[in-house]
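Asks: So you can see what is in the structure, the chains are spelled out below.
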Amino acid sequence: MTAPVVSLAAVSKRYGRGADALLALDQVSLAVHKGEFVCLLGASGCGKSTLLSLVAGLDEISGGTLDIDGRRVSLMFQEAALFPWLTVSGNVELALRLRGVGRAERRRRAAELLDVVRLTGFADKRPHELSGGMRQRVALARSLAQDADVLLMDEPFGALDAMTRDILHDELERIWREQNLTVLFVTHNVREAVRLGDRVVLLSSRPGRVISDFEVGHPRPRRIDSAEVAELAATITDRLRAEVSRHAH
Amino acid sequence: MPTDAPAAPAAPAAAERNAAADRVTGLDALELGGATDRERLAARFWRSAWPKLLAVAIVIAAWQAVVLAELKPAYVLPGPAEVFDELGAIVTTGEFWDAVRLTMTRAVIGFLLAVVIGTVVGAAVATFAPLRAAIGSLITGLQTMPSIIWFPLAILLFQLSESAIMFVVIIGAAPSVANGLISGIDYVPRTWLRVGQVLGMRGIARYRHLILPASLPSFVSGLKQGWAFSWRSLMAGELLVIVPGALSIGVRLQSARELNEAALLIAWIIVVLLIGILIDVLFNAADNNLRRRWGLKQP
Ligand SMILES: Nc1ncnc2c1ncn2[C@@H]1O[C@H](COP(=O)(O)OP(=O)(O)OP(=O)(O)O)[C@@H](O)[C@H]1O
Ligand SMILES: [Mg+2]
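First to last, the sequence lines map onto chains A and B. According to full-length UniProt numbering, the residues represented by the first sequence are 1 to 249, in order. According to full-length UniProt numbering, the residues represented by the second sequence are 1 to 299, in order.
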């Protein structure tokens with residue numbers, strides 16, 4: 001197998017120091033290979049967002065080693081967090097501008113990326129004029145504009161309704177393929193993880209540790225309401241339940 | 001046929017691709033809903049204008065009622081008809097427009113200086129923590145000071161001059177401008193800051209592309225409040241600091257009182273009120289425009 005694009009070896013993360021210190025991640029080891037789609041599941045507060053911000057370089061690790069071997073890492077959140085003072089195209093162009101891309105090339109490339117997320121014709125709209133799902137697609141285009149080939153997604157579809165989410169799964173899968181992305185995707189939704197992931201990684205409750213790593217063998221495209229997805233989701237849910245009840249004692 | 005062979009399996013895939021595209025655009029169209037018809041301009045104007053017109057009518061009626069009740073003699077409190085006659089007469093004179101021009105020039109220059117000073121101080125305080133600890137609360141303290149307090153000092157420092165008036169106008173307006181900018185910078189949403197980090201914004205670029213645009217709504221409120229303070233300070237200044245030869249609105253007011261011309265005096269008060277309302281309308285238009293573009297307000 002090729003060398004991993006993202007590799008964490010015994011990574012720990014501690015917030016604060018002394019008696020008040022909070023251990024958010026405890027010796028997490030995880031390897032994500034080129035072109036892989038890995039979903040990360042775990043109870044609330046187990047450190048999933050923390051893990052992503054470490055990989056994105058927004059925060060320092062407290063222990064272990066973290067290696068990234070990608071062109072660029074981008075991070076998407078539950079809210080699209082587009083800038084309201086810019087148009088849709090302007091938001092995408094800003095990412096290009098910050099990379100030093102020239103004006104004419106920015107305009108052209110932004111249009112191209114809006115085509116990729118199927119928002120042709122919305123370039124001059126303001127973010128608030130779009131629906132939640134459309135805004136997330138703009139955020140995706142903005143991440144692609146960073147020339148990112150490693151995409152970290154923190155519950156990106158958590159605030160969307162089921163139908164929109166279903167369609168965005170198809171879209172994300174297509175773009176992941178077309179753009180040769182490596183994706184690390186955090187979710188609370190077990191079925192979503194099985195629908196999308198090549199692998200589903202489970203974190204324990206705080207402090208987060210990797211407790212299991214499921215290979216999802218089912219052929220793509222999968223449907224979130226299919227029997228195979230439901231079956232594996234049930235197995236994973238049982239495993240999560242066992243982990244949560246461990247905390248009762 | 002050999003030429004058909006590769007095309008056959010591709011066709012369903014292409015069909016599925018198109019179907020997927022249709023699903024996405026179809027959902028977008030549904031979620032955006034039908035665009036609501038824009039209300040006609042005239043209708044919108046009327047909707048916002050009639051309550052104001054009604055209010056003006058009520059005030060004038062009440063005024064007329066007080067005059068008719070003869071609580072005060074007519075030479076002290078003239079009726080609306082007389083005052084509006086006086087107003088109609090003075091607006092055709094050159095002296096009227098000279099007075100308005102002089103006062104507005106002072107107001108605009110004083111306000112702009114206050115904006116420059118307030119912005120520089122606000123940006124510095126928001127950026128450097130020790131500076132904030134040192135003068136952050138001083139700025140809020142200054143903001144609550146009645147501007148009239150400053151005139152004795154201003155006159156001592158600058159005698160009866162334009163500088164004395166400017167000093168008070170600036171000290172009245174600059175703290176509001178600074179505070180508007182400071183709170184704008186302080187309350188930039190956390191997710192935007194995170195996005196800025198993800199996009200690799202640092203130093204100047206971070207200010208230019210994130211912090212400054214994000215603090216714009218709060219800055220505009222600060223400007224609006226700053227204007228209100230500077231206008232009040234200016235009116236007080238024109239009544240207290242009579243600069244020889246400068247026939248401003250304040251001077252005209254004073255001389256109307258000295259000559260016991262009540263109708264003229266009230267006419268000038270109405271002029272001051274109208275200027276205040278006009279500028280407020282301009283600020284509100286800028287503010288509403290910003291909010292509409294940002295989607296902070298339903299159109
Ligand atoms: N900047 C911080 N300072 C201190 N503690 C923090 C910080 N960020 C996160 N934590 C703590 O670290 C733990 C893990 O937080 P994190 O946000 O990574 O969890 P999560 O798995 O993403 O949770 P959720 O599913 O609710 O999004 C939590 O207990 C949280 O309170
Ligand atoms: Mg989280």
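Keep in mind that the hints were calculated from the coordinates and are not lab data. Some hints could be false.
[Said to hold, decoys possible] Straight-line C-alpha distance at most 25 Å; calculated SDA-like pairs for lysine to any residue:
1. A:Lys125 with B:Asn260
2. B:Lys297 with A:Gly132
3. A:Lys125 with B:Ala57
4. A:Lys125 with B:Asp287
5. B:Lys297 with A:His218
6. B:Lys224 with B:Pro130
7. A:Lys34 with B:Val188
8. A:Lys34 with B:Lys297
9. A:Lys34 with A:Leu86
10. A:Lys125 with B:Lys224
11. A:Lys125 with B:Ala21
12. B:Lys72 with B:Gly276
13. B:Lys224 with A:Phe77
14. A:Lys125 with B:Leu32
15. A:Lys125 with B:Ile58
16. A:Lys125 with B:Pro51
17. B:Lys297 with B:Trp192
18. B:Lys297 with A:Phe83
19. A:Lys125 with B:Phe84
20. B:Lys224 with A:Asp67
21. B:Lys297 with A:Leu160
22. A:Lys34 with B:Trp192
23. B:Lys72 with B:Ala49
24. A:Lys125 with B:Lys72
25. B:Lys72 with B:Phe84
26. A:Lys125 with A:Phe77
27. A:Lys125 with A:Arg165
28. B:Lys224 with A:Leu160
29. B:Lys72 with B:Pro51
30. A:Lys125 with B:Leu247
Asks: Run every hint past the structure and note whether it holds.
Replies: Evaluated hints:
For the given pair, A:Lys125 sits about 60 Å from B:Asn260 by alpha-carbon distance, which is inconsistent with the 25 Å threshold. Distance restraint check for B:Lys297 and A:Gly132: the Cα-Cα separation of roughly 17 Å lies within the 25 Å cut-off, and the hinted pair is therefore satisfied. As the CA atoms of A:Lys125 and B:Ala57 are separated by approximately 43 Å, the hinted pair breaks the 25 Å bound. This hinted pair checks out: A:Lys125 and B:Asp287 have alpha carbons roughly 20 Å apart, not beyond 25 Å.
As the CA atoms of B:Lys297 and A:His218 are separated by approximately 47 Å, the hinted pair breaks the 25 Å bound. With a C-alpha separation of about 28 Å, the suggested pair B:Lys224 and B:Pro130 falls outside the 25 Å cut-off, and the hint is violated. Annotation: proposed proximity of A:Lys34 to B:Val188 is violated, straight-line Cα distance about 36 Å (limit 25 Å). Using a Cα cut-off of 25 Å, the hinted pair A:Lys34 and B:Lys297 is violated, with the two alpha carbons roughly 44 Å apart.
Our distance criterion of 25 Å between C-alpha atoms is broken by A:Lys34 and A:Leu86, whose separation comes to about 33 Å. Taken as a hint, the A:Lys125 and B:Lys224 pair is broken in the structure, with Cα atoms around 28 Å apart against an allowance of 25 Å. About 20 Å separates the Cα atoms of A:Lys125 and B:Ala21, which keeps this hinted pair within 25 Å; it holds. Taking the CA atoms of B:Lys72 and B:Gly276, the gap is near 28 Å; set against the 25 Å cutoff, the hint is violated.
The hinted pair formed by B:Lys224 and A:Phe77 fails the criterion: a straight-line CA distance of about 35 Å is larger than 25 Å. Straight-line distance between C-alpha atoms of A:Lys125 and B:Leu32 comes to about 12 Å, which keeps the hinted pair within the 25 Å bound. Of the supplied pair hints, the one linking A:Lys125 and B:Ile58 is violated, its CA atoms being roughly 44 Å apart against a limit of 25 Å. Distance restraint check for A:Lys125 and B:Pro51: the Cα-Cα separation of roughly 34 Å exceeds the 25 Å cut-off, and the hinted pair is therefore not satisfied.
Between the alpha carbons of B:Lys297 and B:Trp192 the distance comes to roughly 20 Å, so the proposed pair stays at or under 25 Å and holds. Restraint check for B:Lys297 and A:Phe83: satisfied, since their Cα atoms lie roughly 16 Å apart, inside the 25 Å limit. A C-alpha spacing of about 48 Å is found between A:Lys125 and B:Phe84, which places the hinted pair above 25 Å, so the restraint is violated. Taken as a hint, the B:Lys224 and A:Asp67 pair is broken in the structure, with Cα atoms around 51 Å apart against an allowance of 25 Å.
For the given pair, B:Lys297 sits about 22 Å from A:Leu160 by alpha-carbon distance, which is consistent with the 25 Å threshold. Simply put, A:Lys34 and B:Trp192 have alpha-carbon atoms about 29 Å apart, too far for the 25 Å limit, and the pair is violated. Using a Cα cut-off of 25 Å, the hinted pair B:Lys72 and B:Ala49 is violated, with the two alpha carbons roughly 33 Å apart. Straight-line distance between C-alpha atoms of A:Lys125 and B:Lys72 comes to about 61 Å, which puts the hinted pair past the 25 Å bound.
Between the alpha carbons of B:Lys72 and B:Phe84 the distance comes to roughly 19 Å, so the proposed pair stays at or under 25 Å and holds. With a C-alpha separation of about 21 Å, the suggested pair A:Lys125 and A:Phe77 falls inside the 25 Å cut-off, and the hint holds. Distance restraint check for A:Lys125 and A:Arg165: the Cα-Cα separation of roughly 22 Å lies within the 25 Å cut-off, and the hinted pair is therefore satisfied. Restraint check: the Cα-Cα separation between B:Lys224 and A:Leu160 comes to about 38 Å, which exceeds 25 Å; the hinted pair is violated.
At roughly 30 Å between alpha-carbon atoms, B:Lys72 and B:Pro51 are farther apart than 25 Å, so this suggested pair is violated. For a cut-off of 25 Å, the pair hint linking A:Lys125 to B:Leu247 is broken: about 51 Å separates their Cα positions.
Figure legend: structure checked against the earlier numbered hints; hints not met, in rising order: 1, 3, 5, 6, 7, 8, 9, 10, 12, 13, 15, 16, 19, 20, 22, 23, 24, 28, 29 and 30.
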